[in-house]
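A.B. asks: The residues making up each chain are set out below.
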Amino acid sequence: MNSMEGLVTQIQGLSSTASDVLMLQNLLKQANDSLHAESTRLLPFLDQLDPSKHSLGYLYFLEACTAGPITKEQASSYVLIIARFLSSCVSEQIRLASHKFISVCKRFKDQLVLLGEPLRGVALMLTAIRKFQSSTEHLTALHPEFLLLCLLAKSYKTGHSVLEEDIFEVDQPKDLFLYCYYGGMICIGQKHFQKALELLHNVVTAPMFAVNAIAVEAYKKYILVSLILHGQFSTSLPKYSSSAAQRNLRSLCQLYFDMENSYSNGKIGDLETYVQSNKERFEHDNNLGLVKQVVSSLYKQNIQRLTQTYLTLSLQDIANTVQLGSVREAEMHVLQMIQDVEIYATINQKDGMVRFLEDPEQYKTIEMIERIDSSIQRLMILSKKITLTDELMSCDPSYLSKGCRERQKFDFDDYDSVPQRFNV
Amino acid sequence: MDGEDGAPKSLMEEMYANGIEGVDDAPSSSTSTTIRKNRPIISGEQLDIEAYAALYSGRTKIMRLIFLADHCDNSGMQLEALRMAYDELKKGENTQLFREVVQKIDGRLGPNYSTDATWCAMVDRKANQRKDKLESELNAYRTNLIKESIRMGYNDFGDFYYAHGALGDAFKSYVRTRDYCTTSKHIIQMCLSAILVSIEMGQFAHVTSYVSKAEQTPEALDPPSIAKLRCAAGLAHLEAKKYKLAARKFLEVGPELGNSYSEVIAPQDVATYGGLCALASFDRTELKNKVIDNINFRNFLELVPEVRELINDFYSSHYASCLEYLGNLKSNLMLDIHIHDHVETLYDQIRSKALIQYTHPFVSVDMRMMADAFKTSVAGLEKELESLITDNQIQARIDSHNKILYARHADQRNATFQRVLQTGNEFDWDVRAMLLRANLLKHEYNLRASRKI
Numbered sequence: 001m002n003s004m005e006g007l008v009t010q011i012q013g014l015s016s017t018a019s020d021v022l023m024l025q026n027l028l029k030q031a032n033d034s035l036h037a038e039s040t041r042l043l044p045f046l047d048q049l050d051p052s053k054h055s056l057g058y059l060y061f062l063e064a065c066t067a068g069p070i071t072k073e074q075a076s077s078y079v080l081i082i083a084r085f086l087s088s089c090v091s092e093q094i095r096l097a098s099h100k101f102i103s104v105c106k107r108f109k110d111q112l113v114l115l116g117e118p119l120r121g122v123a124l125m126l127t128a129i130r131k132f133q134s135s136t137e138h139l140t141a142l143h144p145e146f147l148l149l150c151l152l153a154k155s156y157k158t159g160h161s162v163l164e165e166d167i168f169e170v171d172q173p174k175d176l177f178l179y180c181y182y183g184g185m186i187c188i189g190q191k192h193f194q195k196a197l198e199l200l201h202n203v204v205t206a207p208m209f210a211v212n213a214i215a216v217e218a219y220k221k222y223i224l225v226s227l228i229l230h231g232q233f234s235t236s237l238p239k240y241s242s243s244a245a246q247r248n249l250r251s252l253c254q255l256y257f258d259m260e261n262s263y264s265n266g267k268i269g270d271l272e273t274y275v276q277s278n279k280e281r282f283e284h285d286n287n288l289g290l291v292k293q294v295v296s297s298l299y300k301q302n303i304q305r306l307t308q309t310y311l312t313l314s315l316q317d318i319a320n321t322v323q324l325g326s327v328r329e330a331e332m333h334v335l336q337m338i339q340d341v342e343i344y345a346t347i348n349q350k351d352g353m354v355r356f357l358e359d360p361e362q363y364k365t366i367e368m369i370e371r372i373d374s375s376i377q378r379l380m381i382l383s384k385k386i387t388l389t390d391e392l393m394s395c396d397p398s399y400l401s402k403g404c405r406e407r408q409k410f411d412f413d414d415y416d417s418v419p420q421r422f423n424v
Numbered sequence: 001m002d003g004e005d006g007a008p009k010s011l012m013e014e015m016y017a018n019g020i021e022g023v024d025d026a027p028s029s030s031t032s033t034t035i036r037k038n039r040p041i042i043s044g045e046q047l048d049i050e051a052y053a054a055l056y057s058g059r060t061k062i063m064r065l066i067f068l069a070d071h072c073d074n075s076g077m078q079l080e081a082l083r084m085a086y087d088e089l090k091k092g093e094n095t096q097l098f099r100e101v102v103q104k105i106d107g108r109l110g111p112n113y114s115t116d117a118t119w120c121a122m123v124d125r126k127a128n129q130r131k132d133k134l135e136s137e138l139n140a141y142r143t144n145l146i147k148e149s150i151r152m153g154y155n156d157f158g159d160f161y162y163a164h165g166a167l168g169d170a171f172k173s174y175v176r177t178r179d180y181c182t183t184s185k186h187i188i189q190m191c192l193s194a195i196l197v198s199i200e201m202g203q204f205a206h207v208t209s210y211v212s213k214a215e216q217t218p219e220a221l222d223p224p225s226i227a228k229l230r231c232a233a234g235l236a237h238l239e240a241k242k243y244k245l246a247a248r249k250f251l252e253v254g255p256e257l258g259n260s261y262s263e264v265i266a267p268q269d270v271a272t273y274g275g276l277c278a279l280a281s282f283d284r285t286e287l288k289n290k291v292i293d294n295i296n297f298r299n300f301l302e303l304v305p306e307v308r309e310l311i312n313d314f315y316s317s318h319y320a321s322c323l324e325y326l327g328n329l330k331s332n333l334m335l336d337i338h339i340h341d342h343v344e345t346l347y348d349q350i351r352s353k354a355l356i357q358y359t360h361p362f363v364s365v366d367m368r369m370m371a372d373a374f375k376t377s378v379a380g381l382e383k384e385l386e387s388l389i390t391d392n393q394i395q396a397r398i399d400s401h402n403k404i405l406y407a408r409h410a411d412q413r414n415a416t417f418q419r420v421l422q423t424g425n426e427f428d429w430d431v432r433a434m435l436l437r438a439n440l441l442k443h444e445y446n447l448r449a450s451r452k453i
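One line per chain: the protein sequences are E and G, in this order.
Counting from 1, one number per residue, gives the positions in the first sequence under the UniProt record's numbering.
Counting from 1, one number per residue, gives the positions in the second sequence under the UniProt record's numbering.
What the hints contain is simulated information worked out from the structure, not anything from laboratory work.
Treat each hint with caution, since some may be false.
[To be verified] Part of the chain G face toward chain E, derived, beta carbon under 10 Å: (1) G202; (2) A396; (3) R408.
Ideal placement from N, C-alpha and C gives every residue a C-beta, glycine not left out.
Next comes chain E alone, as it looks inside the complex:
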């Protein structure tokens, strides 16, 4: 106990300037084991520390407290404590002990899940992320936890705001996989299928040595979303995806490939029977809702194909071609698509005719010009970023040493800039 009290006073004393904080950090590291040993009795000491001023010390104590198994009653009190800590901690200090911070947040999430109240943690996790990450392009281990809470709490909008940012730096590949997978699910929930497709594509094509379960699940969803959005799906992965993925993913997701086959035939009846017969397997993967959306998207694809060949078409013909039950259903579908701005048409109820129109966008408005202009700016920034990355890479010592060794294997021209011998 005495050591604890001594530690507390030291924390209180050494938390003011940066050099003091470093010294404090060393002390805390040494005291880590004793902290863990006393984990059950540390709770009262926490009251003596102020999270905003003594963030580092508080963090160590907190981590030691929550290290062991927690019961439900304790969980609610801990949740309050951690919540207060997260809202008032200081970013410089917590970054010094990043692992501890991550584990505290993880336990926070676990406790909330245990209590069944994920919504309480959403905003707090968001603040935690903002304090923790060094730049908005940086992916931390906290991101997937945050997205998981959003998913469980069904607060998709908050999750989406985080997804808006581009990620370029990653600590752990596993974080990225989980982040993209959960992110994809959030976008699906909000029906932003394009963004979902991008995120899931990142998971599937990420470099990996062996196929992991996250990639498999992500690939299944990827197939379904791609069918909903584009009505087609290219069965081969792009060249830059890892060889492990290219070889194995197909066999693991055979069910979905077959579904894609029956989808591309364009017959609703076949697709529905296929879904019906495989219902349990889809449910097992938690994809049944998505599969149902795929089925309804087939109607849309068929109707869109009709816009390419016909100027006017009777509702009866539409119902027959797309295999809808009745004229009324055809009208409902077309009306829905017009409202969602998926096709441009007018319905003439007197004749029972639909007249398909061209896309009225003339690309002459100011908004369009601004849109194009901002796109150009954005792309120029991206290009500069790429050139910068390329330059950095070519100065990287490990690249140069590897390039020297491999020089004989490759074309002379590729490695012209690499010196013959390079000794690090």
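With chain E held as given, fit chain G onto it using these hints.
C.D. replies: Then chain G, alone, in the frame of chain E:
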């Protein structure tokens, strides 16, 4: 006609109606008084088997007759064909085929046309004797190492096997003569024999390679040989479904062919295959330059006036009569061994081309008139047009309410803007994904490097 008022009206009517007046212009229908020799053999009427068989000689005659018997519905024609095959086989030495034909006849032609076991045994015995003789001769020549006689020895072996129906052995023997060929004439002879056997075997890959080999000889070839090689090449392309190339080859065949290649193909066939393939695969300019204005090919087309008429009708947009000729020819074409697999495809292609050509010059087309011109119902026509539009072969839209087809030309400016925006988005996404992946790889590499250290 009625003078100047009448003339423009009839021209317009002709343009819309695509009538059948073209048939009256054909001279062939009034030549029933001409000699039997000039009567077209591949025509809309029922096939005259004797005349058809007279075009060919050798093994292909028998094979064609057997094919005819297998595929035609008329039992009279069937028996006629089998009878002729039997007679032809008796003149030759192929006992295997003989037994097959007898089995097919099945006694329907009476006792004269049953298994003649004595004849078979005699032929087989003679064959064995000849084979032994040839072998001993060949061995003698081989010990003497005289190239010319070894070559001729193998050649004789090849002929022997071919006459007895052992096509694989015949091919091998002919190919073996290659090592002993001294002049280009020998090479040509070898190539032609190899081509003949390959065609009979149905291995058209060999045909193409030997044709090119023969064409590469340094000496100039004599015209009949060139014509024969072109026919063979055309047949090979036809089998490979490369209709454009086949058409080009057939159109290049000169009139020197005559009847010199009757072991493989008749001039009527050259005209039919060439004409149909050209119609299915050439565009208008090529059709005019290479077929209609081609003086050499005109000689061939004279032999099959119906094909000539249908090509002219197609070019002058009389689609109804063109399609009618095609329909008439179909039943006879299905009895031909080389083209029967391709008849459906060629016909479909010709019909699609006709539809596309019809709609091409107009801004709007009344589908009812078009259906009349193509002798089909409006609903059927709509289906056909729909599939052509989906394949992007016609740029148009169907107004299903008023049954009018409107030409539609894409707005280039809008399309360009759309593509620009889309390309921008794709670039954006690709680059971001790429930077992310590069980062992951770097991380992996650093991890591994740090673990090593």
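A.B. asks: For every hint, state whether the structure bears it out.
C.D. replies: Against the structure, the hints come out as follows:
1. G202: violated, 34 Å
2. A396: It holds, given that the least Cβ distance between G/A396 and chain E is near 9 Å, below 10 Å.
3. R408: holds, 8 Å
Of the hints listed earlier, the one the structure fails to meet is number 1.
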